[in-house]
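Trainee: Okay, here's what each chain looks like letter by letter:
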Amino acid sequence: MSKLLRSLIWLVVMILGALAVAIIALHRGEQINAMWLVVAACCTYAMAYRFYSKFIAAKLLALDVLRATPAERLNNGRDFVPTNKWVVFGHHFAAIAGPGPLVGPVLAAQFGYLPGTLWILAGAVFGGCVQDFVILLFSVRRDGKSLTKMAHEEIGPLGGFVAYLAIIGIIVILLGVCALVVVNALKGSPWGTFTIVMTIPIALLMGVYLRRLRPGKVLETSLLGFILVMLAIWGGQWVSQSLTLGRWFTLAAPTLAIVIMVYGFAASAVPVWLLLAPRDYLSTFVKLGTIAMLACGIVVLHPALHMPPLTRFTDGTGPIFAGKIFPFAFITIACGAISGFHSLISSGTTPKLIRREGEIRMVGYGAMLAESMVAIMSTSAACVFYRGIYFAINSPAGIVGAAPDAAAATIGSWGFPVTAAEMHSLAQAVGEQTLFNRTGGAPAFAVGMAHIFSHSLGSAAMAIWYHFAIMFEALFILTVLDAGTRVGRFMIQDALGHIWKPLGRTSWYPSILATSGLMVGAWGYFLWQGVKDPLGGINSLWPLFGISNQLLATVALCVATTIIVKMGKSRYVAVTLIPLTWLVSVTFTAAWQKIFDPNPRIGFLSHARQLASAAAMPPGVARLIFNDRLDATVTGVLIVMVALILLESVFLWWKLASGRSQASVREAPFVPTRFALEGE
Amino acid sequence: MSRLRRVLGILVDALREIFDESAYARFLNRQQVQSSRLSYAAFLREQETAKARRLKCC
Numbered sequence: 024m025s026k027l028l029r030s031l032i033w034l035v036v037m038i039l040g041a042l043a044v045a046i047i048a049l050h051r052g053e054q055i056n057a058m059w060l061v062v063a064a065c066c067t068y069a070m071a072y073r074f075y076s077k078f079i080a081a082k083l084l085a086l087d088v089l090r091a092t093p094a095e096r097l098n099n100g101r102d103f104v105p106t107n108k109w110v111v112f113g114h115h116f117a118a119i120a121g122p123g124p125l126v127g128p129v130l131a132a133q134f135g136y137l138p139g140t141l142w143i144l145a146g147a148v149f150g151g152c153v154q155d156f157v158i159l160l161f162s163v164r165r166d167g168k169s170l171t172k173m174a175h176e177e178i179g180p181l182g183g184f185v186a187y188l189a190i191i192g193i194i195v196i197l198l199g200v201c202a203l204v205v206v207n208a209l210k211g212s213p214w215g216t217f218t219i220v221m222t223i224p225i226a227l228l229m230g231v232y233l234r235r236l237r238p239g240k241v242l243e244t245s246l247l248g249f250i251l252v253m254l255a256i257w258g259g260q261w262v263s264q265s266l267t268l269g270r271w272f273t274l275a276a277p278t279l280a281i282v283i284m285v286y287g288f289a290a291s292a293v294p295v296w297l298l299l300a301p302r303d304y305l306s307t308f309v310k311l312g313t314i315a316m317l318a319c320g321i322v323v324l325h326p327a328l329h330m331p332p333l334t335r336f337t338d339g340t341g342p343i344f345a346g347k348i349f350p351f352a353f354i355t356i357a358c359g360a361i362s363g364f365h366s367l368i369s370s371g372t373t374p375k376l377i378r379r380e381g382e383i384r385m386v387g388y389g390a391m392l393a394e395s396m397v398a399i400m401s402t403s404a405a406c407v408f409y410r411g412i413y414f415a416i417n418s419p420a421g422i423v424g425a426a427p428d429a430a431a432a433t434i435g436s437w438g439f440p441v442t443a444a445e446m447h448s449l450a451q452a453v454g455e456q457t458l459f460n461r462t463g464g465a466p467a468f469a470v471g472m473a474h475i476f477s478h479s480l481g482s483a484a485m486a487i488w489y490h491f492a493i494m495f496e497a498l499f500i501l502t503v504l505d506a507g508t509r510v511g512r513f514m515i516q517d518a519l520g521h522i523w524k525p526l527g528r529t530s531w532y533p534s535i536l537a538t539s540g541l542m543v544g545a546w547g548y549f550l551w552q553g554v555k556d557p558l559g560g561i562n563s564l565w566p567l568f569g570i571s572n573q574l575l576a577t578v579a580l581c582v583a584t585t586i587i588v589k590m591g592k593s594r595y596v597a598v599t600l601i602p603l604t605w606l607v608s609v610t611f612t613a614a615w616q617k618i619f620d621p622n623p624r625i626g627f628l629s630h631a632r633q634l635a636s637a638a639a640m641p642p643g644v645a646r647l648i649f650n651d652r653l654d655a656t657v658t659g660v661l662i663v664m665v666a667l668i669l670l671e672s673v674f675l676w677w678k679l680a681s682g683r684s685q686a687s688v689r690e691a692p693f694v695p696t697r698f699a700l701e702g703e
Numbered sequence: 362m363s364r365l366r367r368v369l370g371i372l373v374d375a376l377r378e379i380f381d382e383s384a385y386a387r388f389l390n391r392q393q394v395q396s397s398r399l400s401y402a403a404f405l406r407e408q409e410t411a412k413a414r415r416l417k418c419c
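Keeping their order, the protein sequence lines are chains W and H. At position 661 of the first sequence (counting the first as 1) the number is 684 in my numbering, and the numbers step up by one without a gap. At position 8 of the second sequence (counting the first as 1) the number is 369 in my numbering, and the numbers step up by one without a gap.
Nothing false has been slipped in among the hints.
Covered, in the sense of this in silico footprint (three residues per stretch, anywhere, with C-beta under 8 Å from a C-beta of chain W), are these stretches of chain H:
hint	segment
1	374-382
2	389-402
3	411-419
Derived by calculation from the structure, the hints in this document are not laboratory data. As the structure is a prediction and not an experimental result, all values here were calculated from the model. Glycine included, every Cβ here is placed at the ideal spot set by N, Cα and C.
Using the sequences and the hints, build the whole thing.
Mentor: In structure tokens:
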């Protein structure tokens with residue numbers, strides 16, 4: 024293709040992308056089509072990948088196609104295996120794509136579709152993709168070392184220790200919030216609960232099938248598991264209509280919370296092959312298929328967005344979570360734009376599979392663009408239904424009232440008309456008793472997804488699609504929950520092993536039980552707090568999750584910036600320093616407001632003071648006050664830990680810039696690759 | 362047609378890598394053994410620590 028033609032094509036992509044973003048940003052009054060979001064995203068991502076990531080690869084990182092990667096040098100056929108770039112891309116995407124980009128954009132839609140969409144596009148291109156890309160390369164250049172190890176070696180021992188503690192704290196909060204989303208999706212829903220409960224025997228059956236009958240045939244087993252899950256969804260309808268079975272599976276939020284804690288404990292303590300691995304395979308199988316189906320559904324249906332670009336809740340009075348666009352839209356979107364957790368994957372399994380340095384750009388930068396596309400689809404799914412319905416589903420009873428008529432009247436008074444009858448017929452269409460106060464984002468996403476699937480795939484079976492979506496989200500989240508509990512358990516065991524050796528032995532059952540209990544107790548406390556919170560729990564816990572996730576990204580960008588300075592590439596340091604500065608301002612502002620804001624709906628301490636100042640203290644209020652103070656303390660501790668890493672990093676940069684310290688990067692020595700002659 | 366076959370091949374390879382089928386094939390090759398219940402159990406034991414320590418992203 025001639026250079027002129029290529030330039031013309033890129034010019035068209037640029038103009039089309041700019042037009043789509045302009046329509047999204049400037050259109051007022053009439054509804055716009057969801058396809059504009061898709062077009063804006065595709066063009067922005069194409070431009071970013073072609074130009075920005077190439078600039079980073081060439082100028083900042085200087086990817087060296089002649090340099091052997093650890094997959095080649097340390098190839099052991101196990102962890103280190105040179106792998107085809109597309110295969111690594113699929114592997115990396117499957118590992119980083121979690122429930123965050125599905126739930127976060129749904130919650131952030133309370134500000135309208137505009138803030139979320141713009142942040143997903145800009146945050147991914149300049150923040151998330153950059154973080155994943157540079158951390159992946161730096162890990163590859165250091166024999167696949169983990170983020171904590173790199174923090175220890177490149178910033179200092181304090182950095183490594185704080186990163187380790189921060190990761191445990193972040194995992195605990197993440198698991199508590201994830202569990203709360205599942206509880207809110209399944210409470211009072213016999214159909215959904217039955218389907219999810221059935222995934223446990225299905226996973227056990229898959230485990231036995233894989234181990235005994237068809238050893239190693241995971242794809243085949245996952246297909247079998249998928250068919251069984253579909254049968255469970257179909258059977259759930261029958262269960263929900265049965266008087267006896269329907270009652271068994273209609274569980275209140277506290278009961279569900281206890282069940283999930285027991286499940287988390289069991290999943291952490293049983294052998295991996297029996298439950299954890301089969302459920303993981305099943306979840307990945309469903310996840311990849313559903314994301315592909317959702318993308319096709321949005322393109323085929325290209326629905327109109329009923330949500331306005333900006334709602335009145337930009338002033339910080341939102342019913343789903345309180346706080347203004349800055350910083351809370353950014354905290355809430357989280358993983359769809361930038362996720363600290365990705366840096367753990369980019370410095371985990373992926374760097375051990377990369378065959379050539381030249382492929383890191385596609386895997387690191389490209390997979391995050393794909394994840395960001397998932398967040399754009401989630402925004403579309405959240406904004407396709409009428410705004411009154413969106414707020415009726417997502418607003419907690421503590422804000423709008425528990426009675427349908429009262430809730431509809433409150434939401435109507437905000438200028439978002441909805442009636443109790445409308446909500447009742449929607450609930451009936453999806454096979455639920457009610458859709459009022461179904462906070463957490465998962466039910467709203469499921470309704471949006473069911474709407475898209477049932478209209479684009481030519482079937483009106485809303486109820487089946489809704490429960491398919493609920494199953495998809497819950498399965499996805501429970502996989503994070505059981506894997507996270509186990510990883511947390513190992514981290515605690517590693518630490519306790521320094522105090523008393525037997526506690527560090529991962530096969531010693533007293534230690535397994537004690538540390539599993541400790542881990543489940545920690546996230547279970549946050550879950551219980553959310554379940555008992557009259558404001559639904561999401562108002563306090565999701566921002567806490569967002570802050571902790573973005574703080575981990577801050578740690579990753581600190582490590583990346585330090586390495587860039589040490590490499591002598593300070594003139595390009597803005598590539599990581601600008602997203603780092605932005606994240607610091609967002610997370611520190613959000614943390615400050617969550618702790619000290621005088622508005623009791625935002626500030627933990629002012630909420631505690633408001634509760635304490637009531638003349639008569641009803642039972643349970645003392646616990647709410649304690650929870651507020653605990654949340655404030657956790658937020659404060661996380662912020663102080665990250666501030667320490669930041670200060671240590673800045674001090675190091677200053678020493679390097681002023682010549683007080685000699686830069687020494689800890690890269691593995693150069694070894695020429697055998698794959699140099701292979702084509703890109 | 363050959364390009365389509367190549368794309369499908371890569372897709373299947375990616376799925377086999379994601380679902381650890383390739384890892385099992387490499388294990389069999391490394392250990393010079395046939396696929397069986399015993400060899401799969403040995404593979405799972407080898408994988409156990411690594412897999413159990415693998416964090417799922419949010």
